Structures are given as C-alpha cells and as structure tokens.
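2 protein chains.
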Amino acid sequence: MDVRERLAALRAQMHEQGLAAYVVPGNDPHASEYMASHWCEMQWLSGFNGESGTMVVTTDRALLWTDSRYYLQAGIELKDSTIELMRESDIDCPSVVEWLKGLQVTGYGLRVGLNPEMFSVNDFKAWREQFAEAGIGVKSVDLIKPIWTEGRPAIPSDKLYPYSADFAGETVESKISRMREILESKVESRKSKDYALIVSALDEIAWLLNIRGNDVEYNPVVISYVVLEGDKCTLFVNPEKIDSAAQNYLDFNNIDVQPYEAVFDYIHGLRGTIFYDGAKVNEALYEAIRKPTPAPSLKGGEQGANAKNIQSPILIDKAKKNAVELEGERIAMRQDGAALTRFFKWLEETLVKSQESRVKSQESRDKRPLTEWNLMEKLHAFRAMGENFVEESFGTIAGYQGNGAIVHYAATREHCAEVKKEGMLLLDSGGQYLDGTTDITRTVWLGGRIPEQAKLDYTYVLKGHIALQTARFPRGTRGNQLDALAKQYMWQAGITFGHGTGHGVGHFLGCHEGPQNVRTDNNPTPLEVGHIISDEPGIYRTGKWGIRTENLITVIPAKQTKATTTEDEWLTFETLTLCFYDTSLIEMSLMTEDEIDWLNAYHVRVYKEVSPLLNEEERKFLARKCAALEI
Amino acid sequence: MDVRERLAALRAQMHEQGLAAYVVPGNDPHASEYMASHWCEMQWLSGFNGESGTMVVTTDRALLWTDSRYYLQAGIELKDSTIELMRESDIDCPSVVEWLKGLQVTGYGLRVGLNPEMFSVNDFKAWREQFAEAGIGVKSVDLIKPIWTEGRPAIPSDKLYPYSADFAGETVESKISRMREILESKVESRKSKDYALIVSALDEIAWLLNIRGNDVEYNPVVISYVVLEGDKCTLFVNPEKIDSAAQNYLDFNNIDVQPYEAVFDYIHGLRGTIFYDGAKVNEALYEAIRKPTPAPSLKGGEQGANAKNIQSPILIDKAKKNAVELEGERIAMRQDGAALTRFFKWLEETLVKSQESRVKSQESRDKRPLTEWNLMEKLHAFRAMGENFVEESFGTIAGYQGNGAIVHYAATREHCAEVKKEGMLLLDSGGQYLDGTTDITRTVWLGGRIPEQAKLDYTYVLKGHIALQTARFPRGTRGNQLDALAKQYMWQAGITFGHGTGHGVGHFLGCHEGPQNVRTDNNPTPLEVGHIISDEPGIYRTGKWGIRTENLITVIPAKQTKATTTEDEWLTFETLTLCFYDTSLIEMSLMTEDEIDWLNAYHVRVYKEVSPLLNEEERKFLARKCAALEI
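Just so you know, the sequences run in chain order A and B. In terms of my numbering, the first sequence is residues 2 to 632. In terms of my numbering, the second sequence is residues 2 to 632.
Since the hints were made in silico from the structure, they are not lab data. What you are looking at is a predicted structure, and each value in this text was computed from that prediction instead of being measured. Misleading hints may appear alongside valid ones.
Identical copies go unnamed one by one, so any copy, or any two together, can satisfy a pair.
Unchecked claim - Simulated pairs of lysine-lysine, DSBU-like, Cα-Cα distance not exceeding 35 angstroms:
#1 Lys321 with Lys560
#2 Lys560 with Lys545
#3 Lys563 with Lys422
#4 Lys102 with Lys187
#5 Lys194 with Lys560
#6 Lys126 with Lys292
#7 Lys422 with Lys292
The shape of chain A in the complex, shown without the other chains (with noise of 0.2 angstroms):
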C-alpha cells in the first residue's frame, strides 16, 4: 500500500464508523517521548518521517501538523501525497482542534474519531469539551490497526533486566510499601487494600519494579503497564521478555506477570479506588474502568469502581534521588567528564593537524573532510569507553557556527556541515550509564578571531548558568521563580531565549522528566532535595552562531547562616557535571570577582575528579583547560 492507497482504506474505515474525520497524533499508550516503531501511525500513514506530527483525514482532506523544524522535510516527504502540510510554528497556523472545530458538515452530527490509546484522559478530556462546545461528538476507536496489516513492526520482544539496587539505593518492596502506604492515605473510606493505581509510563513502571529494557532508543525502559493493589502488583508485559532470572526476580518480589493486552480487561475487574495520573494514563484505560451505574436499585446496583485521577507518587518520588542514586550520578559524570575530555583533546589536535596538512601542501592526506556527524561518532566512541556505558541519553545536537543556532538542530550522516579550525560549535550530549544518566552542552571557540558579540553573548549565558546553579533559596521555591535568575544578564541586552532554562533528569531513565523543572511558565511543583534538573541557558543568532552551557545540577539542603531571620528551611544546589568551560570566550569585564572565583573553583573540582581517569596527555590537556583565571 502506498500513501494515497492508506488513505482511501481510513476513509472507507471512517464511513463504516459515520466519523466525518479522524486524528493520528503521534503518540504512543505510555506517552513515550521516544516511541517503539510499531507506534508509529503517523509516519506511516503520511509518508512523512519526521518525529513529531499529527495527521487529520476528513473525507475529502489530509493534513499534517508538523512544527518548523520538519517543514522542509515534510515539505519533500508528503510530495505527491495529497496530505497538505499545516506548519504549527507560524502564528497564523489553527491548532488542530481549531481547524476541526471549523469542519462544516451538514445532514447528519460531525463526529471524530480518536484512538484513545494514544490520548492521555487529560487531553481527551480537553479534546471533548472544545468539541462539544462546536457541536461536534468524539468516538473513541482505533482505525488504522484494521488497515495497518502488513508490514507493522511487532511490540518489541527484547529481554527486560533487574536492575540492582546496589544502583537504584532501594529494593522493590520498600518502594512498593512505601507506594502502599501513600494510596492508603488517599483511599476515602480507609478500607485500605480496597484500591488500585494504573501505572503506564514506562520510566515508572522501570523505577517501581527496579527493572530496565531496551525497547526503545535512549531510554533503558520495558514496554509495559501495571496495576498495583493493596495485596498485589501485576506487571502487563509481553511473556517473550522474560527470561528466567528475570522470572525468578519478578517471582521473588512477588510480581505477577500476565500478557501485556490483559490489562484491559484486568483493568474492568477491579473494583474499590483507581487511582490514575490523568496526564500520563491513556483514555482506553480509564474507559476499561468499571463505573458505578449511576442510580444503583436499592437491591444492589451494579458495583463499580471510584475513578480518582492524581499526579503519580511513583513520579513525585522517583524524582527525589536517594543516595545511592546520587553517588551513582557522580561516578557516571566522572566517565562523562573524561569522555569529553578526550574528545575536545582530539577535536583540537584533529582540526591542528588537518589545518597543517592544508598549510604544508595543497593535498592534505585524507581529503575527508571533517563533519558534524564525525563529532557525533567520535564522541560515542569516547563515551562508548566508559565504565557502565549503555547508551546515549538522547541523539547528539552538534551544530557547527548557524547550525547551532537551531535549537533542535540534527545532523544526519547525509546532511552535515564541514567543521573546521574556526568559529563556534555547540555540543549538547550525554549518556546512559548503569550509574546514572547525564545530560551535558558546551559551547567552545576552533579558530580565528572571536567576535566581541559572541564573547559578551557567551559571558551572558555563563553568568546566568552560573547564578541559577549557585542560587540559594527557602524549602517552597518553584523553579520557575529562580528563572529570571539565569536569564537576568542576557535580558539586560535585549536578548532571551525560547527553550526551558532546566528539565528534570531521571537516574537511569529519561533524560527528560517530570515535575520539576526551571521554566518561564508556572509549575506549582516546588524544587525538592534530590531533583535533578539541567541548567541550560542559551542565546541563538540565527545564521551566526548558538551558545548554550548546560550542567546537571541537584538539590541539597544549604547550611543555615548566623543572619538568617526565619525558620526557613534553605536549599541550593550541587553541580554535578564534571566538564570544563571554554574559557577563552570569557569577557573577563563583565564577570564579577565571584563568578570568576566560582568558575575557578569547579576547574580545580574537575580536574580533581576527572584527571585519575585519564593518561597523562589527557590530564596535561584538561590542565591546561582548568587554568585559573586571573581576577
């Protein structure tokens, strides 16, 4: 089937169902951010690649939402396919359910049709209601697993693993205890085994049960859902990842496994409280929930369940790293550390040596010329080196001079620049080790004469990277009150940024979550010790050059001082990223004495920490990185 052919077999689908229109949107049931292929019904419906999109077919129409950084490929990839593209980065651009609100169709009721499978409740509930409000009804249905026959990649079957808590700092049953313990408190009526909590993000499930998988790209998790009760936890998984130390694990932590389908239908048996993170849980969970009819006789309506949507425990606690956790976050950056190191010691003496080559004779021995994606791989290969390596956290943005300007810039081995002894490059990486997950960018001049702007937009960057990660500030403070606090000196210029200043950063997990995060937008969520978010300022010059500094940084509880005036509790942050700066971008004039003092403390502490894992080229190197500045 090709595109066109999809097409017209929805359309027939949507006839049978009486849907004027039907929405894909690039989701997958654990709202994933990197999904299995088998997921991916966007892509395959429209022909068009891109990671991030959402189709709408009506009988006589196809769009695709795609945001600008896909429109040129979009652009290319729906040629010939009917699908218009509708670019959502421009302001003039209708939300998808703006432009179906719009859908005129008379003679009979608009309906659409949504797979609730790959709408969180909270959306579809938003969804709805902007519907209902234009008139328009929502039928839940999945159209393209009928028409989708041939050729769907299968769910992953890879083996999930236990995951030692001499990593994770706690065994499954303290977590799950602890977790009891928490929905208890929640139940109503306190008949307290009498209730039940849908988990289906995957980095919870992985966290809960202290298992990891490889199912999809950059996140070690295992594509499944579970249901814990008062008296058991039930993992829904598909029977081929299991193999019999995992068995045997599962069995010792008293996990029941069943086939990963049956959730649904398990779901519908349970009675008492369900709990649910509305944000998180898909539609089709939550409609597989049995609700009490809602006038029961008095001989005993159907009993049904009490359906209560709360933000997760198992997310508000996974984000607060124990100890262990915490040690394992600073082995890991003392592998990264020294992976970067080696890198920005090769990148230096590679671009060296092919300049001379360039100098000494017209032909340079190897003619290849160095690239984006050259960085790319290198910098796996160093970080491939490290101990307890097992992935990369998320796909490398290295973006030479303008590339670096678009913030979700990549470079694919066939579209890259040439990198080469001048100008401005940014690299924002990271890893995936058994001991934790890191989350790293840097910004480093190769050559030629720097410009005064990119020195002051630099400095502006590293003043406010530097103030948000030394802020101190009381027990309650939401991120978004310390963002000014990182973008305070750039403003002073005229100058923001569009991105999030930090993100949550999970152990082991995603390089992304949830709650806490330093945004300009309101997160109630207060900053809590053993969150770990990212410090990532930036300023982008469209063409020129982008400038970020991004280090992990955690929260720690702050000594109190003598002049205190409240019985506040303090907090502030540890940095956790072991990477030197580069320096020689620095516009001393507008650093004060302790920024510069600060700046040479962390060269000192990186040096300390990385330099026993290197050889003695690579400490002379990452010195000579670490020098004092001078006040």
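Given chain A, work out where chain B should sit, using these hints.
The following block gives chain B in isolation, referenced to the frame of chain A:
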C-alpha cells in the same frame, strides 16, 4: 443590647431558620479593603474592633477568628463576651470552613447560614462545595439586618463629585464605549446589544464613570453599583449623594441613576448575557440573575439570562494607566518628595534639639517625649501642605526599632513607642492627591553606632530593590518571574520575607489594586505598559529592627538593543517615587559599580525634581541627603 444579647438575638433568628451555625465574615458587599462602618457586622456582633476577623455562632458556642496582629486586642475586647478567640495565624488553628465541617449535629441535616452580600461569588461557591463534601448545606440569608436595628450607622451619604478628564486622561464616553466593544466581542451569539456587565468594585465604578467620593477612609470611592448594558449605563447609588452639579455631569454622560438597593430587582429583570467578575461581585447579585429554566418547553420556557464569570475588563484596563494619569503620578510624587524632605529635616532637627536640651540641662524645656504617633501626625501635616492633597492613601506605619519588624504595625496615640536619636525607623506612608496615589517606605538610622548586621540587611534590601526596578524583560513576563530578582541577595545570606514584593497601585484610587503584582505565588497576569506596582523588599529582625525600602515604579517600553536576538518587545520600569535613601546605612563593599551609578543618578534626579518645591534651607538639607557616593 450588649454582645451577649446580640448573640442571643442571632441565635433566635438561627433557630427560626433551622440553622446550626451562622458566619459573619467581616466583609462588605463591594469586596472593599476599607469598609464603611455600616457594614462592620463582625465588630458589632463581637465587640471586637480590629479590622479583620470572622465570627462563627452556633447554638451553644461563639468564636472569632483573627490574626496575630489582633490577638492582644481581641483578648481584651472579647472578655466576658462568651466568644472564644481562634488564633488563625497559629499553625494548628483550623480554618473557619474546617472547623464548621467538624460540627456534628444529629437528628436533622446541618445547615450553615451565610449572608450572600458578604461573599464573592467565587468564595461562596468554594465554601458551598467544601461544605457539601461534609454533607453540610448552605442557606443564603442575612440574619444581622433584622437584629441590628438600633444604632446601626447609615450607608455614607457624602456627595460624589466628577473627576475631571484633565486628571483621568479619558472621558467617560470613551471608557464606556471601549468596555462595550470588549463585552460585545465576548457575547457568543453576537447579538451585540444583548448583554450587561455587573460592576460592584468601588474603584472600578469610580474609574469607569470618572467620579470620586469620601465614603470610606483612604480610598476616594463612592458606594454604589453599576450595570453597564449595550445601550445604557445605570449607577445605583443613594440619591442624597448627588447634588445638582453631579446630576448634570451624570446626565451629560447619559448615566441613569437608580437607588442603591434597586440593583437586585434591576439585575433580575436583565436578559441576554450577564457578565460578572466572580472574584469581586457578591453572591446576592449573582442570585438575583434570572437563570434560564433547565428544560424549556417548545412553546417557550421562561427566558432567563446567561451568566458569565469573567475577569472584569474594567479591572484590566484601569491597571494600565494612560499618559495623563502617569503625568499626574509624577506631579504627585514631587509633592510627596517635598513633604518627606520637610519631614526628615524636621525629624533630624527635632532629635538634635531634644538631645542638646538633654545634654545642656537635665531639664528639657519640652518634657513630652517624641513618639511614633507624633511622627505620623507630623508627616500628615507636611503632606497636607501639598497641592491637590486629599488624604492619606493608608494608615502610616511608623515603626521604631523592634516595632519596625512588625509588618502590619500600627501605632496609636495611646500605644506607641518613644523615638530617640538612636536606632532604626521604618516609615511606610502614602498620599491621595487629585493627581495620583503615592506609597513610599524609607528606613533611616536616627543615631548611634550602626550594627554591622543592620548595614548588611539594609544593603541586601537596597540591592534587591534596585535589581527589580532596573530589570529589563520581554513582554509577557509575569510579576512572579521577577520576584527572585529582589530576593536573590538576601537569599544568599539565608534571609527572606513573608509579604509580597510589590502590589498594584491605582491612580487616585486604591493604594492596592489588581491584577498586577510581584509576589512569590503565581499570578497569570503579565506586566504591561502603564501598570504601577510597588517595589518593596524588606528584612525583619524580631525585637531589633525592620528594614523596608519602597518605591512605586511603572512599566514602560524598553529601547530595542542592537544585540537583541528576538522580535520580542522589551519592557522595563520607570521609577516614580522621588525621595532620597539613607546612604549612611549602606555597606559599600557589597555594592556594585552599576548599583552605585544608579543610586547617584537617582539622587541627582530627586534633587532636580523636588528642590523647586523647597525653600533654601530645605534644598540644602536635600542636597546633603542626595550627595553622590564615591565608587
């Protein structure tokens, strides 16, 4: 009737209505900060004369909730009243709603009576929902009116007066037509004339109709309601308040007048879309709206109105001062600066004289000690000399030494401290001028050796105060994003404060207004050009001193810089307040060059703008206070 008799009379009413409890919340029907004595029902019922409190009466108990400012006063005034004091600032004190939810009454359904005029629609709804959870019903009923028949003060009948567009900067016609445009855009059916807006906030009415009055302390407002419709505008007000000039003014502007009490019947007669701001409009007005019958027969069920809860467009517009209002503020600030200069000069001379007389002879010529109360009276007198001064904008806070650490301290003639030529004085005061409203806090050192910590505290506050008013930020930034800028320096020292950093300020209206502010808690309102807010960080050391430094500042467009990377519009603040700071309290080693430059430039401006209003001696004094600091 004494308090016991009043309680007995209330209980008789409660019995008749079948109520287990009745709540008297200490509000008025207009959600006013300052209330006319007619509405001081809580005070009348309890005998407690504090400004803030809530009474709850049950069949056998009577309780008064009030905060720590009033514990002492309440303890004295409630003696022998049978009323129990509930200390609501204490951590273990249940809220009124919590306490009522704990009431156990058997035999019949428990109902609580609330006067719907004394609760906003939103609050009433929230209370009703919380009560419903506990199986408690709510009855809308005014039980004070039938029992407070003797000696109840009338609603003030002072004349209202037109407020010239020369001060307001916009005619009533223009304001009303703009509000109508906004409302028409919100009417769903676009039958554009078929709507009404209920206005009950007194400052919104004063702003919309360009009228002012003398009905309450500190705020020049007129007790009234307004209903704005597509084709008319009706002011509900005691007719005695309107003299012939006012009547001509209202006639000229096509404003109908009806008696104050007629508003309920009038609202009941309205059809179409009725807009109200549920945060301000009281529940009784909402209950007067004729809701549509739920299932109208096809022959035409009773036609009702469609009530819509919106943020008042008057509130939003009033906050954005026009050029004339801002120019008026600048004029008022010069008057205010002159008054404060004269006051501080008088204070300095008086303290020197009192010390000299003590030194010269043990017998002072004037034995009366100088008190906080004297300072408040003297400052009022200096302000009253100013052109267009009308009244104070709130009760002056003159907190000497440890009293400065009590955030809502209010000295009285009877209870106030003696002020000597030593230690710290915090002075927070403001004026209502026809030109605009002022609010300023200065903290000064009156004599003796300055403790090191006092200098540090003063300087942390000053640095934060400067950081906020010199901030530059992209349009769309909310006040709570800037809050940490004012706190970052004291946070580093482990110090914070519990009050807001900045409140909105009206133009010859409330010294506190919404929706704009700078606080810890999230407020979705972005800062907009023309907003006036205060900038008032503080540090409070119980028993020692309180330091607060406050200017009013207004949001203005910032110039685009050459370095900008974005299309954002940029905003910054103009400082409106014109009064020197006590530079003797500054710890210079903590100040940056930029901060000292800002301070010196500000002092140059203060001298330039205020000195023309002063005599030669006063100018000399001001010049000395505004002397440049050396870097």
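Against the structure, the hints come out as follows:
| no. | hint | in the structure |
| --- | --- | --- |
| 1 | Lys321 with Lys560 | within (19 angstroms within a copy, 43 angstroms between copies) |
| 2 | Lys560 with Lys545 | between (43 angstroms within a copy, 23 angstroms between copies) |
| 3 | Lys563 with Lys422 | between (52 angstroms within a copy, 28 angstroms between copies) |
| 4 | Lys102 with Lys187 | between (38 angstroms within a copy, 18 angstroms between copies) |
| 5 | Lys194 with Lys560 | neither (42 angstroms within a copy, 63 angstroms between copies) |
| 6 | Lys126 with Lys292 | both (16 angstroms within a copy, 27 angstroms between copies) |
| 7 | Lys422 with Lys292 | neither (66 angstroms within a copy, 74 angstroms between copies) |
Checked against the numbered hints given earlier, the structure breaks hints 5 and 7 and satisfies all the rest.
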